[in-house]
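Participant: One letter stands for each residue in the lines below.
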Amino acid sequence: MFVELQCIVVTPERTVHEAPAEFVALPLYDGEIGIAPGHSPMIGRLGWGEMRIAHEGQTNRFYVEGGFVEVSGQTVSVLTSRAVPADQLNELAAKEQLHTALEQPAHTPEEMDARQRLADQARAQLRVIRRAKEL
Amino acid sequence: MVKARTLDRRRKSIRNIRKITRTMELIATARFKRAMDRAVAATAYTRRITALVGHLARSGLEVSHPLLEPRPEPTRAALLVVTANRGLCGGYNAAVLRLAYAQWDALAEQAPERQLDVVGKRGIAAFRFHRIEMDRTFTDFHDRPPYEQVERLANGYLDAFQSGRLDRLDIVYTRFHSLSRQEAVVETLLPLSALEEEEEPPAEVQYEFLPSAESILDEVVPASFKVRLFKCFLDAAVSEQIARMMAMKAATENADTMIRNLTMTYNRARQTQITSELLEVISGAEALEQ
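Protein sequences appear in the order of chains A and B. So in numbering that gives the first Met the number 0, spot 39 of the first sequence is number 38, and the numbers just go up one at a time. So in numbering that gives the first Met the number 0, spot 18 of the second sequence is number 17, and the numbers just go up one at a time.
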């Protein structure tokens with residue numbers, strides 16, 4: 000029996016994407032996860048990076064930043080603070096963010112964590128942009 | 000006896016004012032619809048977050064987080080006041096400010112160190128007039144506050160709270176209940192009161208948590224704080240437009256009544272003038288005949 004996933008991506012501002020999908024790949028906190036129809040119920044913590052939603056031979060690519068994914072039944076709901084289509088990312092802004100993050104002095108462990116997070120997020124954006132360009 | 004011509008001039012100027020208030024009413028209506036759409040679009044996220052908290056609670060996890068724990072003796076408190084950038088919206092700003100002054104004084108008794116953050120030009124001007132020092136001011140939240148901006152503000156508060164530079168955060172804003180009811184309220188955002196969880200019969204689904212339920216809770220709590228702050232801003236934006244819409248509608252109606260009354264007085268004045276001129280002509284002619 001062939002079943003499809005229903006993939007819903009919401010941010011605090013609006014619902015970004017709501018469509019059927021055959022396969023969804025997401026950046027989890029510690030690595031990528033792929034979700035196909037029939038996946039067991041799961042709640043996962045998202046990291047930052049590229050989310051791919053495959054449907055009928057087409058792949059929608061998004062950059063997501065933190066949040067959660069909930070799989071229950073055939074529904075995949077992605078809650079994230081940012082979800083930007085890969086081709087709408089701003090390369091200059093990402094480079095700028097990376098640059099300022101690296102320039103910023105950090106003396107306490109918290110500050111160093113914050114700096115690392117900003118830099119990682121900027122690098123993840125740049126990676127998503129590069130992959131979108133290659134295709 | 001007022002001259003007919005002055006009355007006419009006054010009527011014209013009121014007509015012009017009416018045109019302006021009517022336009023402002025239409026603009027506010029359009030903006031209100033946009034703000035309302037945004038607020039509705041934002042509920043999807045809130046609903047899912049509360050559902051998520053519900054799943055977590057049902058998995059048998061003890062819901063506890065540093066952000067949820069009340070601090071016994073708060074010494075450093077912050078107050079965030081959300082007002083509009085523009086006036087001409089009835090009692091909207093006044094209602095928020097009245098509460099804000101009261102809360103600011105109340106905080107003085109509880110916490111020796113106070114921090115005051117004000118959003119909106121109206122609020123900034125009012126506090127300056129009262130010679131109350133503000134720590135931070137924001138004027139860049141318009142009728143469509145972007146989430147990114149609110150998140151930055153929220154992150155600032157979260158960092159301060161977690162590192163102990165802040166024990167309590169209150170917000171004064173206008174809550175949107177319905178089209179006909181909005182009210183200014185004070186809410187304590189930090190420490191967060193209990194997380195809202197969805198009330199539904201426990202589902203039979205057993206979720207797997209990646210990496211663990213605790214780790215997810217660590218992320219859910221700040222996320223729900225941010226979204227709650229964001230909702231305050233959205234509510235304030237919607238309420239502001241409604242308040243302006245109502246105020247301008249009332250102004251237009253008042254202008255209408257005034258125009259009606261003035262027209263009547265004008266017609267009477269003109270008639271009196273004509274009658275007296277006629278009388279003069281007639282009496283002049285009669286005097287000549289004699």
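It should be emphasised that the hints constitute simulated quantities derived from the structure, not laboratory data. Hints should not be assumed to be uniformly reliable.
Here are the simulated SDA-like pairs of lysine to any residue, each with C-alpha atoms no more than 20 Å apart in a straight line [said to hold, decoys possible]:
{"id": "1", "chain 1": "B", "residue 1": "Lys230", "chain 2": "B", "residue 2": "Leu66"}
{"id": "2", "chain 1": "B", "residue 1": "Lys2", "chain 2": "B", "residue 2": "Ser275"}
{"id": "3", "chain 1": "B", "residue 1": "Lys2", "chain 2": "B", "residue 2": "Arg267"}
{"id": "4", "chain 1": "B", "residue 1": "Lys32", "chain 2": "A", "residue 2": "Thr14"}
{"id": "5", "chain 1": "B", "residue 1": "Lys230", "chain 2": "A", "residue 2": "Lys94"}
{"id": "6", "chain 1": "B", "residue 1": "Lys230", "chain 2": "B", "residue 2": "Lys11"}
{"id": "7", "chain 1": "B", "residue 1": "Lys11", "chain 2": "B", "residue 2": "His176"}
{"id": "8", "chain 1": "B", "residue 1": "Lys120", "chain 2": "B", "residue 2": "Arg75"}
{"id": "9", "chain 1": "B", "residue 1": "Lys230", "chain 2": "A", "residue 2": "Val15"}
{"id": "10", "chain 1": "B", "residue 1": "Lys32", "chain 2": "A", "residue 2": "Lys94"}
{"id": "11", "chain 1": "B", "residue 1": "Lys230", "chain 2": "B", "residue 2": "Gln272"}
{"id": "12", "chain 1": "B", "residue 1": "Lys120", "chain 2": "B", "residue 2": "Tyr100"}
{"id": "13", "chain 1": "B", "residue 1": "Lys120", "chain 2": "B", "residue 2": "His176"}
{"id": "14", "chain 1": "B", "residue 1": "Lys248", "chain 2": "B", "residue 2": "Ile26"}
{"id": "15", "chain 1": "B", "residue 1": "Lys11", "chain 2": "B", "residue 2": "Glu252"}
{"id": "16", "chain 1": "B", "residue 1": "Lys2", "chain 2": "B", "residue 2": "Thr262"}
{"id": "17", "chain 1": "B", "residue 1": "Lys2", "chain 2": "B", "residue 2": "His176"}
{"id": "18", "chain 1": "B", "residue 1": "Lys2", "chain 2": "B", "residue 2": "Tyr265"}
{"id": "19", "chain 1": "B", "residue 1": "Lys18", "chain 2": "A", "residue 2": "Val15"}
{"id": "20", "chain 1": "A", "residue 1": "Lys94", "chain 2": "B", "residue 2": "Leu277"}
{"id": "21", "chain 1": "B", "residue 1": "Lys230", "chain 2": "A", "residue 2": "Asp86"}
Participant: Hint by hint, say whether it matches the structure.
Facilitator: Hint check results:
| no. | hint | verdict |
| --- | --- | --- |
| 1 | B/Lys230 x B/Leu66 | holds, 18 Å |
| 2 | B/Lys2 x B/Ser275 | holds, 13 Å |
| 3 | B/Lys2 x B/Arg267 | holds, 10 Å |
| 4 | B/Lys32 x A/Thr14 | holds, 18 Å |
| 5 | B/Lys230 x A/Lys94 | violated, 31 Å |
| 6 | B/Lys230 x B/Lys11 | violated, 44 Å |
| 7 | B/Lys11 x B/His176 | violated, 39 Å |
| 8 | B/Lys120 x B/Arg75 | violated, 25 Å |
| 9 | B/Lys230 x A/Val15 | holds, 18 Å |
| 10 | B/Lys32 x A/Lys94 | violated, 37 Å |
| 11 | B/Lys230 x B/Gln272 | violated, 62 Å |
| 12 | B/Lys120 x B/Tyr100 | holds, 16 Å |
| 13 | B/Lys120 x B/His176 | violated, 25 Å |
| 14 | B/Lys248 x B/Ile26 | holds, 12 Å |
| 15 | B/Lys11 x B/Glu252 | holds, 16 Å |
| 16 | B/Lys2 x B/Thr262 | holds, 13 Å |
| 17 | B/Lys2 x B/His176 | violated, 50 Å |
| 18 | B/Lys2 x B/Tyr265 | holds, 8 Å |
| 19 | B/Lys18 x A/Val15 | violated, 40 Å |
| 20 | A/Lys94 x B/Leu277 | violated, 86 Å |
| 21 | B/Lys230 x A/Asp86 | violated, 29 Å |
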